[in-house]
Amino acid sequence: MSSKQLAADVVIVGGGIVGAASAFFLRQRGLSVVLLERGLVGQQASGVNFGHVRRQGRFLPQLPLAHRSRDIWGRLPELIGHDAEFVVSGSIKVVYDEYGLAAIEQYAADARLWGLDLEILGKAEVRRRFPFFGPDVIGGSYSPNDGHANPRLAAPAFGRAARKAGATVLENCEVLDIHKDALDFHVTAKDGTTVTAPVALVCAGAWAGKFSAGFGESVPLVQRGPTMGVTEPVPYGIVPVVGVKSSNPADDMYFRQVKRGNIVFGGSVRNDAYLDERRAQPRPGNTLLQLPHLRRIAPALANLHVLRTWSGVESYFADDLPVMGPSRSVSGLYYAFGFCGHGFQTGPGVGDTMAELIDRGTTSIDLAPYSIRRFGATIGAPKANLATV
Amino acid sequence: MDSMNPTERRFVRLGETERREIHVWIDGRSAPALEGDTLLVALLSNTGHLRHSEFSDGVRSGFCLMGACQDCWVRDEQGQRIRACSTPARDGMRILTCAQEAEWARLA
Amino acid sequence: MGQARIVIVGAGPSGVRAAEALVEHGIRPVVVDESRRDGGQIYRRQPEGFKRPYAKLYGTEADKAQALHRSFEQLRDRIEWRAETLAWHMEPHSLHVVQAGKAEVLPFDALIVCSGATDRLMPVPGWDLAGCYSLGAAQISLKSQACAIGQRVVFMGTGPLLYLVASQYVAAGAQVEAVLDTSASSHRLRALPRLAARPGVLLNGLKLVASLRMAGVRVMTGVTPVEIGGSPHRGVTGVRVRDGRGREHAFGCDAVGLGYHLRSEAQLADIAKCEFRFDAASRQWLPRIDEDGRSSVRGIYLAGDGVRLAGADGAEAAGRLAALACLADLGITRSEPEVAELRGTLQKMERFRQGLLQAFPWPHHAAAGLPDSTVVCRCEVVTAGELRTAVRDLGACEINRAKALCRVGMGRCQGRYCGHAAAEIVAHAAGIPVEQVGRIRGQGPVKPLPISALAVGGAN
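Line by line, the protein sequences give chains A, B and C.
Position 315 of the first sequence, counted from 1, bears residue number 1587 in the working numbering, the numbering being contiguous throughout.
Position 33 of the second sequence, counted from 1, bears residue number 34 in the working numbering, the numbering being contiguous throughout.
Position 432 of the third sequence, counted from 1, bears residue number 434 in the working numbering, the numbering being contiguous throughout.
Calculated directly from the structure, the hints in this document are not laboratory data.
Nothing here was measured: the structure is a model prediction, and the numbers come from that model.
Every residue, glycine too, gets a C-beta built ideally from N, C-alpha and C.
Among these hints, one or two may not hold up.
Mimicking EDC-like on lysine to aspartate or glutamate, the simulated pairs with C-alpha atoms at most 16 Å apart in a straight line are [stated by the list, open to error]:
no.	chain 1	residue 1	chain 2	residue 2
1	A	Lys1482	A	Asp1449
2	C	Lys58	B	Glu17
3	C	Lys53	B	Glu17
4	C	Lys350	C	Asp315
Residues of chain C placed beyond 10 Å of chain A at every Cβ, according to the derived structure [said to hold, decoys possible]:
no.	residue
5	Glu75
6	Asp79
7	Gly218
8	Ala342
Kindly generate the complete structure, drawing on both the sequences and the hints.
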């Protein structure tokens, strides 16, 4: 394919759900967009994650962003012509001990103030409503309007919608360099494509750090790989997405049954991940570690088989929050990356928010907690103290 | 919908019939088989199918017979899953070939 | 100094001969096989208690089968034999296995993967009906269980196995309605020079065809499968094909044995990150090996049908050669004249293999002609039309992308029976060479892993 010399209002580096959604929403606002994706849209973290469309459990100040995103999830068919298999299945976080119970009760009380209504279920009630839970489950926090979707489909659907809306979406187009002269950003790709734009949005996930470093804004981003698996299909009988809140982080598994019947699961333990690998497998020993946890939550799962496991490259900051917002020092430069393994639900909302910010210079979402400024000028070695979600 | 005649067996024994007879249960009915049969042969020498297809109308009766296609997984009355072509039939096995219910995950 | 730990995956012809070579040189390898018994597929053993003699089970190959089984019996006390053990995953120097619900790790200094092959399938409308089996399945049901897959059987596909299984069925007293070969007999004539590399095998093949005709079995060549007919709940009731002149022929039956040669089981090699190459002659991706069976990964050796489809004799030679290469790499000397002889044997096998591919080509062009409603992925019931939509409307021009977007290959068999045809359909719909479409990447578990598995001895 011959290389192109392109110009647009906004150049987006990275075609995960954030980049694809941003491209789509920028087009809704009439801005011209070129998106450059190294591989295929949605192949990395956006495509390998668990698929939880959840607000429960988030950093409380992130809830307005999550609400905004949840609203978009509910309107996907009318917005992008594809539902990405989003199901409002409800989502329940179960507990095994008093620590967990206290934690979910506290969170439920706090979250109410942020507009998220959760139901705390006791031992009898949780079993009455969800008879598949094992005897160790002593309660849970149920979020009726959360749900799940298919991560393999969502970002590609946004990418196609963006294209249909007039964005130029270039796949198999690896960005080698981005720099700014007095007025514009100049992006050069491996195949010779160049893009000139007054605004640049870097949302390249685990690989965004090298671009931010190029602008003098290094960040302590670390990459980790989730341990994902999926079972054979069985009749659809487990409706809510299931997660765990335990005093032992290794207990924190999650699983969801899709309508076709397969059960997708993840959690408990993560894997090393490498930036030069585009496809990753979890360590088999890590998958084995997950199995007793699955059996504990829902004993009937013991009868099933794992058909496939996978991992990927997710990126984390030690404070479990992303970088989102304008550059510290370069005008016209914006970032949205490092969503710490919980950026699927917020992806569409992030795209909408970044489009608003770029278009209007301001957004109703409070981005202060996500500012790249929080990493200051001194960058120490990234700590591996990563909270599970 | 055409219904399956339950006695319409699929496989045909061509020899080796002087083996000890055993019995397996298929959807609650006792059925004769021979010691040394795989569970697949024990089932298909009595009936025409092993299970229902999940994503299409119809039944499945195995395909590769060598543990590769995974099309012959059946379940017993306890909900355990067994790959029929690679598992010897044992006297007293209780297999269900009808479609499973949505309450499979419910604790007893 | 401790002995090198060598693990062999697979106790078929290549695995047994590999084990034998190692034992001869003082090594005690671990031999792992998913089955209860040794023998692999072509020399699959009947269960204990069955009485048919070798001549009846294996025909012209009876002596070889018996020799292989005897060799294993002699080896048994000098290897660590792990039957009913599934190698489901691996990492460098660690093979993950599960046996009777217990998951453990087998550490290794060297791994010899002799994982064999499955039938290779080209879909045809109705191949997902009950009563349609692979050719290999039809043979296994007879050889290993003394059963025919139905009362009136049609065999369809191509390759020497087509004629072999059909004649075995006739000899055993089953009713064979027809043998339908997609390859025109002209292909066989053109391939004769290469097939003559193994004159004995060629002669046996000709005899088989003659015996079928003498038994009154309808044999057709150069056919185009049209449909396997039947109903979803009763199964197969017949087969329709078109002959070389476009005329349609129909055969009533209650079972079909369908197959087009073999497809290498290369998932472990893929998980081990071995390099693959596209074999143009057979239009499939195979792990890259040197002439002795060394893969691109140090310490991993590949032999037999799992890497180079050279038949059972070739597998035996390859297994031994790979073990000798492993020994040499461990600094243990071996007989160079023997190595040279084995290499020569494999070269002859390769020439014959090319002849078979020429005589019985994989009918890849049939994929493009499959009606949209044809089921391609049996497990997930993904049709040719859905696959074409993924290419044209969703931009999936690579097989793993097509899998992510339309689910082909996501089912229990993980692409074993749909992967090749799916790649041909994607290639045709995208207008690109099939090599560019890639292959479905091997992912662990190689076969379904029970969630009830208990990890023992530091497996995690």
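Each hint, compared with the structure:
1. A:Lys1482 to A:Asp1449: 10 Å, holds
2. C:Lys58 to B:Glu17: Distance ~12 Å between C:Lys58 and B:Glu17 Cα, so the pair holds.
3. C:Lys53 to B:Glu17: The given pair, whose Cα atoms are some 7 Å apart, holds under the 16 Å limit.
4. C:Lys350 to C:Asp315: The given pair, whose Cα atoms are some 11 Å apart, holds under the 16 Å limit.
5. Glu75: 33 Å, holds
6. Asp79: Fine: 31 Å to the nearest Cβ keeps C:Asp79 off the interface.
7. Gly218: Correct as stated: the minimum Cβ-Cβ distance to chain A is 44 Å, above 10 Å.
8. Ala342: C:Ala342 is indeed farther than 10 Å from all Cβ atoms of chain A, at 39 Å.
Going down the numbered hints, you'll see the structure goes against none, and every one checks out.
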